[in-house]
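Based on the sequences and whatever the hints tell you, model everything.
Protein chains in written order, with this note's numbering: chain R, 1 to 452; chain U, 1001 to 1442.
For the record, the hints were derived by calculation from the structure and aren't laboratory data. Among the clues, some could well be false.
As the list claims (entries may be wrong) - DSSO-like, lysine-lysine: derived pairs with alpha carbons at most 30 Å apart:
hint	chain 1	residue 1	chain 2	residue 2
1	U	K1111	R	K87
2	R	K33	U	K1250
3	R	K9	R	K109
4	U	K1328	U	K1248
5	R	K33	U	K1248
6	R	K363	U	K1436
7	U	K1111	U	K1017
8	U	K1111	R	K88
9	U	K1328	R	K148
To be verified - Now the stretches of chain R that chain U is said to cover, found in silico as 3 or more residues with beta-carbon under 8 Å:
hint	stretch
10	28-38
11	250-258
12	362-375
Computed from a predicted model, the values in this text were never measured in an experiment. Cβ coordinates follow ideal geometry from the N, Cα and C atoms, glycine included.
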Amino acid sequence: MRLQQILEKLIEQGATYCDIRKEVWNRTSMTLKDGDLEAMVQGDERGAMVRVLYDRGWGCVGTGDLQKLEEASERALLMAKKGAKYKKEKTGLADVDTHTESVKIPMKKNFMDVHPEEKLDLLKELHSFFDEETANSTDLRYNDSLVKKEIITSDGSHVKMEIPRLLIYLIITGKSDTIQKASEGVGSTGGYELTERAFDKAEVVQERLKNLLKAKTPPSGKMSLIMDPHLAGVFAHEAFGHAAEGDLVSSGNSCLYGKLGEKVASEIVTIKDDPTIDSYGSFPFDDEGTKARKRVLVKKGILNDFILDRENAWKLDMQPNGGARAEDFRVKPLVRMSNTIIEPGEMDFDELVEQVDKGVYAKSSSGGQVSTVQGTFQFNAQEAYLIENGEIVTPLRDVSFNGFTLETLQNVIGITDEMQIGIGHCGKGQTAPVGDGGGHVLISEVTVGGRE
Amino acid sequence: MSEKLLEGTKKILEYFKKRGLKGDVYGTHDRNISYSVMKGEISDSSEYEDIGFGVRVIKDGRIGFGYCVPGNEEEGVSRALELSKLSPRVDINLPTKRDLEAVKTYDESIKKASNEAAELTQQVIDGAGSVAEDITPSRGQLNIMFGTKVVGNTEGVFFSEDASMIEGYIAASLPLGDTSVIASEFAHSRKPDIDFYEVGVKGGSKVDSMRDKTSIPTDVPVVLNPSSLSMLLWFGLIRAFNGENVRKGKSFYRDRLGEKVAHDSFNLADDPTQDWGIGSSSFDDEGVVSFPLPFISDGVLKNFMYDLKEASKSETESTGNGVRSSFKTPPGISDRNVIVKGDEISDLCYDRVIKVDGVMGAHTANFASGDFSVVATPAWLVEDGEKRGRLDGCMISGNIPDLLESIEMGDDYKKLHLSLGSTSLNMELPSARIGKVTISGK
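Dropping the structure here:
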């Protein structure tokens, strides 16, 4: 049975809405550890997810067997009907423009045409770049994936898209009085041409490790913090962006609930989430078939928008903005970010540092966690320096800091006039490729957790 | 057992034979049913069924990996064979046919429970909502999983095992003026024997005890609940037992086998043979028969863990710790079902302590040094066994190996499962009382 016929049958059976997302994946991944190939894997898979809204209930069924799609649709309808019995609150989908379109994100050099040996040689070349005195262990990873998606909805959208993504991840380890690790990723949507950027990152990561190996443990307590563009982007993503996800807002699981139009940050802060720029978290249509567009979440300190799929836009009486993303055909789309950016300001880096009597300059993230309800966050920087009397003085390691998101955003007192975007993977039960960045950001006070 | 899984595995082994190859197949057929909770009610339900094969070919000592789905088996083998040409030579010895001692991992009544998943989810919601009118079961999930895995190889191994799991999670929130506080509770089991209403009540009761706030003391011991302790141990300690990290000098336990590394009563082992253990299985994902592996016994460092490849490089035997996160990934070294035991003190909050129910940022611990810095939330100041108020923004920093020297363990054992990217944490452990930490915050 064709996809359209399955949808028509579901509607005939009483479904309020339904859609099918069919995906075909091709992936290559390889890991080179200390110069030796650890593993190289290639494979492809295909499958689809059927989503059904029946009255107030949702049923979503994913299958890797496309011959069982009709069976999956029947099961989804059954689950939706059962879910509707337990749901008191009404639900619906905000209207969107329908599209019949086919889009391919271009690859200047198609990675599917590159022999695995060439990819392996690239990693070997990167390995040989590292100075063995500094990096006594290397773990270099290459991943490419091409997904071909077809999304068809019962209200008339039918979009097809091809999204190629490439990622190279460099992790190096060195030893002084302690073992330290430095890492950087490079990648985007696009083709094999993206690998050209890897050697610049190799230099960055080697320099970082050198500094970490002579770094001291950090102080603890309240102090100023300068975040580099990557860490600032991760902060914008983790601490603020998650709280701006429409599902968390509409369900009261966000500290931003009820604050639209209110001042939530210093007036120099503008935060955007933009799936349309050339970066790792980009896509032309979301996984509900809604055309992707830029969303200005905070405009000069004022909460301006949320990231919204169709259901949560309906609940909040707002416009959907292409915020629904699913890891693959096995799972339902969730409200997710794309490329989250703190807009550049007007200062230069030296001006930021001069303003700090005692503080930390933190670069790149090694992870973080947030509570969107309480509006709290915790981050670790990969690389950091102590700032004293307006000067960067000593390298620090294992720097961790935490605070309250809205209080911290109000404490932003400087942003540099520059834009750099890093890449990452966001976890929310499912993994999504994302970008994050901005300029350097100065915060007047956060809690730094050190062992001193 | 899934016929498609069985047929596909046999087909791949036939292709190996025809082409004169060595190798193994890891096949899985899983079904997963989930119900989500948002704002006090079931928001949606979802389900997926997945079947696939991970193929490892060994040709002239070179290893190649591929994966495929049913109907595509020959292509999976060809792809793995092609990639093996790029691999360096590694002498790995695939396990030979052995008798399996069955480990209990599957309960047939899980299928009945899967038809009642909506009712069970509603029980969690009702339990949390029953605690107080102003408490909302704001987010939650109930997952039911069951399936079969098969490992077959060209040395005669052909093992299969069914497994089941049910888990429930609820986060309950309480509005407090301009802000809200939140606490969560969860339960995991191989069998549908969880009282989900009680899970909800526990989550609701925790947040109910967060109404009052107090200031953070900086000079008291910390009592970590099983979940918080598991996160710190998993990110800051367990990787020190990984044979590859040991060989490469990235483990702080290198060259310390047989030495005292923890308090006399501290025991930590990987035991995948424990019946109904969340990570238990009678064989690992490379077909090695499972056995208990003590890492630390009575405070003394006993063993490290290896998969087949690392065992070859380290000139030892696999300890049955070859784990695949899915059929799409090659095996790597991982713990499987970690059991932590100590002196089983019934009340760890016997004086003035910070009681911690969750930690943020454990994954940022430096696994090479064991240093960590986390935010404890929810956390309370407890005096004479009574919660005196919640602590906001309480940061705890320390070093895991240092903590183990004086750690005191409780008796409130809990089974935990957490999916962490490409791997998962499976542990059974009680609460612990630790000193030697730096506490900061308001």
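*What are the numbers of the hints the structure violates, in ascending order?*
3, 7
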